[in-house]
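Each chain, written out:
Protein chains: 2
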Amino acid sequence: MAQLSVEQFLNEQKRAVEAALSSYMARLRGPETLKKAMAYSLEAGGKRIRPLLLLATIQALGKDPAIGLPVACAIEMIHTYSLIHDDLPSMDNDDLRRGKPTNHKVFGEAMAILAGDALLTYAFQLIAEVDDDRVPPSVRLQLIEQLAKAAGPEGMVAGQAADMEAEGKTLALAELEYIHRHKTGKMLQYSVHAGALLGGADGRQTRELNEFAAHLGLAFQIRDDILDIEGMEEKIGKRVGSDRDNKKATYPALLSLGGAKEKLAFHIDAAKRHLQQAKIDDAVLVYICELVAVRDH
Amino acid sequence: MAQLSVEQFLNEQKRAVEAALSSYMARLRGPETLKKAMAYSLEAGGKRIRPLLLLATIQALGKDPAIGLPVACAIEMIHTYSLIHDDLPSMDNDDLRRGKPTNHKVFGEAMAILAGDALLTYAFQLIAEVDDDRVPPSVRLQLIEQLAKAAGPEGMVAGQAADMEAEGKTLALAELEYIHRHKTGKMLQYSVHAGALLGGADGRQTRELNEFAAHLGLAFQIRDDILDIEGMEEKIGKRVGSDRDNKKATYPALLSLGGAKEKLAFHIDAAKRHLQQAKIDDAVLVYICELVAVRDH
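Keeping their order, the protein sequence lines are chains R and V. First residue of the first sequence: 1, per UniProt numbering; consecutive thereafter. First residue of the second sequence: 1, per UniProt numbering; consecutive thereafter.
For the record, the hints were derived by calculation from the structure and aren't laboratory data. Incorrect hints may appear among the rest.
In silico lysine to aspartate or glutamate, DMTMM-like type, Cα no more than 20 Å apart, as pairs [unchecked claim]: (1) V:LYS35 / R:GLU167; (2) R:LYS36 / V:GLU165; (3) R:LYS63 / R:GLU208; (4) V:LYS105 / R:GLU165; (5) V:LYS149 / R:GLU145.
In silico contact screen, one side only, chain V against chain R (beta carbon under 7 Å); selected entries [claimed, not checked]: (6) GLY30; (7) PRO31; (8) SER90; (9) ALA110; (10) TYR122; (11) GLU145; (12) GLU154; (13) TYR287.
Note that the Cβ used here is the ideal one computed from N, Cα and C, for glycine as well.
Taking the hints into account, I'd like the entire structure generated from these sequences.
The structure is reproduced here in structure tokens:
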């Protein structure tokens with residue numbers, strides 16, 4: 001795939017995800033404020049990196065990415081709920097997210113908690129209710145089980161809990177990696193793994209794609225830490241330097257800025273190598289690797 | 001079933017649910033504090049009315065209630081998460097629950113939010129991972145879809161959002177019923193509906209059981225409101241009179257205490273009538289109706 005068509009593919013898929021998210025929200029009946037609070041954060045933009053990873057993986061395996069839209073939306077809902085709860089005063093206490101006031105700043109803490117709960121719950125409904133002839137029951141059950149594992153007390157929530165407990169402490173690199181492998185890594189890995197399932201990957205492809213996703217997830221987090229030092233406030237849409245202010249353990253803090261950049265390059269290379277070994281049509285996934293390596297927000 | 005064996009059945013099933021909950025918690029790997037916070041509220045006791053409704057419905061249809069244990073635990077986890085989040089300072093701001101300090105009083109707000117998120121997510125995993133030969137894939141998917149609907153933005157969370165928005169306002173009876181049909185009703189109804197699914201109820205039995213559950217749910221809530229006025233603090237384990245202090249809309253406030261008691265009796269009668277029409281072995285379910293009608297905590 002030529003670079004232009006890769007970008008075109010990603011733009012089209014991003015629009016498809018956002019249209020699907022809107023239609024899932026539009027059909028909901030319930031208290032207006034709750035729906036508004038859910039939609040506010042869901043439609044606040046963002047890179048949609050997780051849904052795109054899922055859809056690109058399906059495409060790389062030669063299947064129609066459209067079969068992945070419900071799961072792509074479920075993933076984005078879970079990611080969004082985690083941001084809403086993470087921003088709460090008792091958690092990270094952030095006022096801005098993607099350049100806009102955080103959910104609880106607009107709707108109040110109680111409604112923000114409920115909006116997060118609602119998005120998390122709705123995500124599972126989206127996958128369960130897909131038609132049998134679109135995605136067979138056994139595959140939907142695997143998608144649900146893996147999603148719960150990736151998002152729950154052995155996945156993303158474990159990472160958030162560990163992150164919280166680590167605040168103000170000096171961490172070893174292994175502890176920092178535990179946090180990231182769970183807090184951001186598990187859901188990124190799930191996105192690729194769900195794509196492998198839906199795209200009909202064989203055993204070897206699934207293993208290589210899992211490795212690809214693990215390295216990409218760490219690269220993503222290292223880049224995030226680097227951006228917190230080097231990034232420009234207006235591009236990121238949140239305050240820069242907050243990690244240092246919060247005395248958070250980061251890769252640059254543990255490895256120096258240069259060491260962190262080396263580690264980023266190592267994980268990006270490893271991610272690409274595993275992609276190659278998967279022997280799939282990997283142009284879009286390689287492009288996503290490069291986006292993660294050089295992204296400025 | 002004689003009354004003694006009804007009580008025996010309920011005690012046995014309650015123990016089975018609590019043993020299953022403990023074993024689901026014991027196998028979790030993750031940050032210790034997160035697991036402790038989840039287990040603290042999950043193992044804080046309570047009547048386990050929702051799991052018991054599910055298991056009693058399966059038994060009433062002549063099937064082995066043990067097939068319902070994973071779903072019973074999922075229901076109790078979702079109920080527990082909703083209590084943890086509901087008790088938070090930005091929500092109801094309760095310090096006591098079942099006579100013990102609330103989750104955030106022991107573990108802090110951030111960990112309480114995460115423990116709730118984790119329980120909600122884990123619930124879906126429990127149902128998804130049941131063996132195919134125990135509960136077929138299509139039934140598990142229905143159970144997951146219905147659970148998400150009952151708990152999510154068109155179910156329990158809708159009720160909580162509506163309840164929050166109603167605070168300090170004068171409600172009509174229809175608005176009060178909307179809140180209760182969602183906040184407590186949907187999960188009680190789900191418990192019976194899931195039992196009907198697992199027990200292999202036919203169409204007519206399913207309809208009657210749904211009606212039974214709807215009336216039982218309202219009765220449950222009316223009794224709760226009455227208890228807030230008449231109950232003894234030490235039995236309920238939380239402060240009595242808090243609804244009036246919080247200017248909350250309640251059945252006694254709208255209908256007078258006598259009117260509320262009449263409405264309670266009406267719904268209990270209707271619930272029993274629908275049970276009769278379902279033509280099942282309903283001794284345990286009838287007993288649960290009576291428990292709800294006269295419970296003192």
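Inset, instruction - Closer than 7 Å between Cβ atoms is the bar; does GLY30 (chain V) clear it against chain R? Give me holds or violated. - result: holds, 4 Å
Legend entry - Interface hint for ALA110 (chain V), Cβ within 7 Å of any Cβ on chain R: Check passed: Cβ of ALA110 (chain V) comes within 5 Å of chain R, closer than 7 Å.
Inset, instruction - With chain R as the partner, please determine if GLU145 (chain V) meets the hint condition of a C-beta pair closer than 7 Å. - result: It holds, given that the least Cβ distance between GLU145 (chain V) and chain R is near 4 Å, below 7 Å.
Inset, instruction - Would you check the hint for LYS105 (chain V) and GLU165 (chain R), treating anything up to 20 Å between C-alpha atoms as holding? - result: holds, 17 Å
Legend entry - Pair hint outcome, LYS149 (chain V) versus GLU145 (chain R) [Cα-Cα no greater than 20 Å]: At roughly 18 Å apart (the allowed maximum being 20 Å), GLU145 (chain R) and LYS149 (chain V) satisfy the hint.
Legend entry - Satisfaction of the GLU154 (chain V) interface hint, Cβ to chain R closer than 7 Å: holds, 5 Å
Legend entry - Hint status (Cβ of TYR287 (chain V) to nearest Cβ of chain R, threshold 7 Å): With a minimum Cβ separation of about 31 Å from chain R (threshold 7 Å), the hint on TYR287 (chain V) is violated.
Inset, instruction - Please work out if LYS36 (chain R) and GLU165 (chain V) have their alpha carbons no farther apart than 20 Å. - result: holds, 14 Å
Inset, instruction - Closer than 7 Å between Cβ atoms is the bar; does SER90 (chain V) clear it against chain R? Give me holds or violated. - result: Interface hint status for SER90 (chain V): holds (4 Å vs cutoff 7 Å).
Legend entry - Hint validity - PRO31 (chain V) Cβ closer than 7 Å to any chain R Cβ: Nearest chain R Cβ about 4 Å off; hint holds.
Inset, instruction - Closer than 7 Å between Cβ atoms is the bar; does TYR122 (chain V) clear it against chain R? Give me holds or violated. - result: This hint holds: TYR122 (chain V) lies near chain R, its Cβ roughly 5 Å from the closest one there, short of 7 Å.
Legend entry - Hint consistency between LYS35 (chain V) and GLU167 (chain R) [alpha-carbon to alpha-carbon, up to 20 Å]: Since the Cα atoms of LYS35 (chain V) and GLU167 (chain R) sit roughly 19 Å apart, the hinted pair holds (cutoff 20 Å).
Checked against the numbered hints given earlier, the structure breaks only hint 13 and satisfies all the rest.
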